Amino acid sequence: MTDNKPNTEVAIFAAFNALLLRDLRVYFRSRGTWLNPLVFVLMVITLFTLGIGPDPSTLSNHASGIIWVVALLGIMLSLDALFRADFDDGSLEQLLLSPQPLYLAVLAKVLAHWFITGLPIVLASPLYSLMLGIPADAIPVLALGLLVGSGILSFIGAIGASLTVSLRSGGLLIALLTLPLYVPVIIFGSQFVQSAIEGWPLMPTFSMLLGLLIGAMALAPVAIIGGLRLSQDA
Amino acid sequence: MVLTFYQRLIEKIINDQSLAILSEYFLSTVASNHSTQAHLQGEASLVLDAVSCERGERLLVEHLSLTVTAGQGVRIEGPNGSGKTTLLRVLAGLSQQYSGMVSWCGNDIRQARAALAADTLYIGHLAGVKALLSPLENLAWWVSLHIQSSEPLSKASLLNALSQVGLQRFASTPCYQLSAGQQRRIALARLYLSQHRLWILDEPFTAIDIDGVTLLEQRIAEHLAQGNMAIITTHQTMKIDGFRSCALDAVKQKAGGC
Chain E
0 MTDNKPNTEV AIFAAFNALL LRDLRVYFRS RGTWLNPLVF VLMVITLFTL GIGPDPSTLS
60 NHASGIIWVV ALLGIMLSLD ALFRADFDDG SLEQLLLSPQ PLYLAVLAKV LAHWFITGLP
120 IVLASPLYSL MLGIPADAIP VLALGLLVGS GILSFIGAIG ASLTVSLRSG GLLIALLTLP
180 LYVPVIIFGS QFVQSAIEGW PLMPTFSMLL GLLIGAMALA PVAIIGGLRL SQDA
Chain W
0 MVLTFYQRLI EKIINDQSLA ILSEYFLSTV ASNHSTQAHL QGEASLVLDA VSCERGERLL
60 VEHLSLTVTA GQGVRIEGPN GSGKTTLLRV LAGLSQQYSG MVSWCGNDIR QARAALAADT
120 LYIGHLAGVK ALLSPLENLA WWVSLHIQSS EPLSKASLLN ALSQVGLQRF ASTPCYQLSA
180 GQQRRIALAR LYLSQHRLWI LDEPFTAIDI DGVTLLEQRI AEHLAQGNMA IITTHQTMKI
240 DGFRSCALDA VKQKAGGC
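These protein sequence lines map, in sequence, to chains E and W.
All residue numbers for the first sequence refer to numbering that gives the first Met the number 0, where the first residue is 0 and numbers rise by one.
All residue numbers for the second sequence refer to numbering that gives the first Met the number 0, where the first residue is 0 and numbers rise by one.
Next comes chain W alone, as it looks inside the complex (with noise of 0.2 Å):
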């Protein structure tokens, strides 16, 4: 009796609309739901109408509209300070302080947030490196988090996720011990494991050597080939084909300054 009382509230509120944000918290399957629906409507796309941002007080986007569809990259260009990560943070849908509307594959991101988690790939200026894990630990614990594979990954391409990013040798050694530069890596190597459509990275390129940062290029120019999209920031030039650029100053004083 009761049990069937509960069951018949859980599903009461999974098919209510205005609940939905609660049944993301409690129902495994709304994330996959979402997922299989984007992925039957086939053309992905990214677009951002009207898009303003502020961080304290100040204005940083004022009304940028952008489509990012299949295949493309796309650059986000501007000085320090001038909403660079404010932006990418509203896109991976860490940040709600956006107005204007940001849709993933038709979808609003505010409704759809777990469609566009499971899609994304998001790196932000913090690697999410846990310094007293080794780095085998660090990408597994990410991999359980983000990759939803049929069957769980095994060791074997964890480590060469890591080689990709030249840390073999590493792979047991507590993060404290290896260099800024390492660390990095750490969260790059997530590049050679994800299958997400779209990635959002910001700054990638920070702390890395010249050799690295070719191979990085390298990978992103697959992930593009592949059908998905990218977006970056970057201060450092960047030789991949097929990459857009967004002055965010530019579009900010067509919009009168702030």
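Extracted from the complex, chain E is given alone in its bound form (with noise of 0.2 Å):
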């Protein structure tokens, strides 16, 4: 307390660490809610296939649009959670009232949360879009997109999920608050996916992704903390 500006970065450092490593061994100690993102997408992806048809032509068109939006509906869905165990236990309260930066720490639970919904969802596109029929030299270029998408709508997502944590039922309302903020990223979401296909120029997208993230990794926090100060007093 008494000296110096470096403890207290490192002080800072070890609580980002300590939140991260807390979310994620709490994830990985309830089995199968890592899962569950993934295989709602698995499911509903293969849902697609068979209502549209197996004319792999037809299905390669329609590819990156339902790709996007089943990866979304995957990643809202898991996003109820983000904050609730926490709110129900009194940890959100010990967060709060932490006199380390919150951004940070909320930076580590949107993080945490993503780790284990949004990259199993990129690291097994090759498989569903296989099974959609995009060509194999435009997977990576899925990949890549949906590895900045996922991350953009996690922190979206997030701030529906601070703003509803202190409701009983916050599902369908977290779906209404942040569906529309999710337009941007569907449409070049899907934009950069078909650009790929098509043999378009790829950067403008990719840049505009980029963007969104940035954007979202720098403003979304100051939004989660707010929700989450309003739910204490709810």
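A couple of the hints might just be wrong.
[Unchecked claim] Derived CB-CB ranges, DEER-like: (1) E:80 - W:109: 30 to 40 Å; (2) W:55 - E:87: 17 to 27 Å; (3) W:107 - E:171: 32 to 42 Å; (4) E:80 - W:172: 18 to 28 Å; (5) E:48 - W:176: 38 to 48 Å; (6) E:48 - W:206: 51 to 61 Å; (7) W:130 - E:53: 38 to 48 Å; (8) E:29 - W:105: 43 to 53 Å; (9) E:60 - W:110: 55 to 65 Å; (10) W:154 - E:45: 41 to 51 Å.
[Unchecked claim] Pulled a few chain W residues facing chain E out of the computed Cβ check, cut under 8 Å: (11) 93; (12) 95; (13) 141.
[What the hints assert, rightly or not] Subject to a maximum C-alpha distance of 25 Å in a straight line, what follows is the list of computed SDA-like cross-link-like pairs (lysine to any residue): (14) W:154 - E:19; (15) W:154 - E:13; (16) W:154 - E:20; (17) W:154 - E:27; (18) W:238 - W:212; (19) W:154 - E:23; (20) W:154 - E:24.
These are calculated hints, taken from the structure and not from any lab test.
As the structure is a computational prediction, the values presented were derived from the model and not from experiment.
Even for Gly, the Cβ is constructed at its ideal location relative to N, Cα and C.
Need the complex rebuilt from these two chains, each delivered in its own frame; the hints are there to steer you.
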């Protein structure tokens, strides 16, 4: 306490690491939580292939849109759990009362959640892109787009999660709050995959996606912190 | 070019008082600056000036004025539903739903949130203990958030705190296998690591056995003897010297009831 800045900084990163590791530990010990969004995505995509029919050209025409919408829904459905357990057991109170910067704490929580929901969906993308008949050389592009896009989806969705955490059932409300904000992600995300399939230049849409991610990382935590503070007065 | 622009922008945000809230999020140094200021001022005090709080249309605390200074303990009394928890959540900085002014070391806590947070230990009804983690992991997480020491605390000191509350044998057992009282003890182990100057404890003795209560009372008395403060609610009889009572019901009747 008496001396200098470096110690404070060490403490801050120690807190960031501790939060990240703790959340990952909790997720891995509650087996299955992290599998749910992935299984959801795989099942819905299977349903799409059954519903649309086996014609490869029809499937691949709609593939990028389908993948993005399904990934979005998968991440959104898992977001209700992001702060709820912490809210129920009082960890959230202790987090909000910490003298450490909340910005980093929220960043750690969203990142941990992305590791167990967004990342598996990205890693499994070659599998379901093959199911939808996306050309093999477009698959790395799709994975890259999802990697960036799922991060944006997590940050924006976390705003909805923080606003609804004090409600008994926030599930549908999260959807209503966050779906409009997902519109740009869907537009640029599926455009990105389409560009790869059609052989158009990739950089313009990729820059937009990266820009959205950076914007979301910088600004969403401020809104999330506001939402979490409000939840304590509910 | 771009970097220096951002640097200037950030500096401007820091210097601008009206953006203090934003800089609190982004800046590491704010917390330590505030708390060192508080330390420099010497005498710490918590002052409530005409505080009123309500919960769901009901006025619970009306025009409560109270001063707590170094070495003092206050016991908030009142029947169930009289607003004890609501008041403690306001004092801890969790709830903003109040009128009047609460100041910590002379600063309004609405502005000096970081200073209050650095000096306060709050244990509420909810223990803040994750059932899937072990007591040791739970305590380590809390320490990384709340203890700002120049060196990271060793595992030995965490184990020591757990043994103070009689949990040394369960340090690595998942918490869902422990009883309600034991889970409560994990939260109370924080008292043995804390160097905070203000303790706000909401029903700390719930689910704790008689011997445990005696030990906790000793720890709280020790805390007060070191010149710190404590605000406690409990329905049990408490044998600690230097505690004042503040009855919420009496205050409310004076103001005409709810």
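Quick one: which hint numbers does this structure break? Sort them smallest to largest.
none
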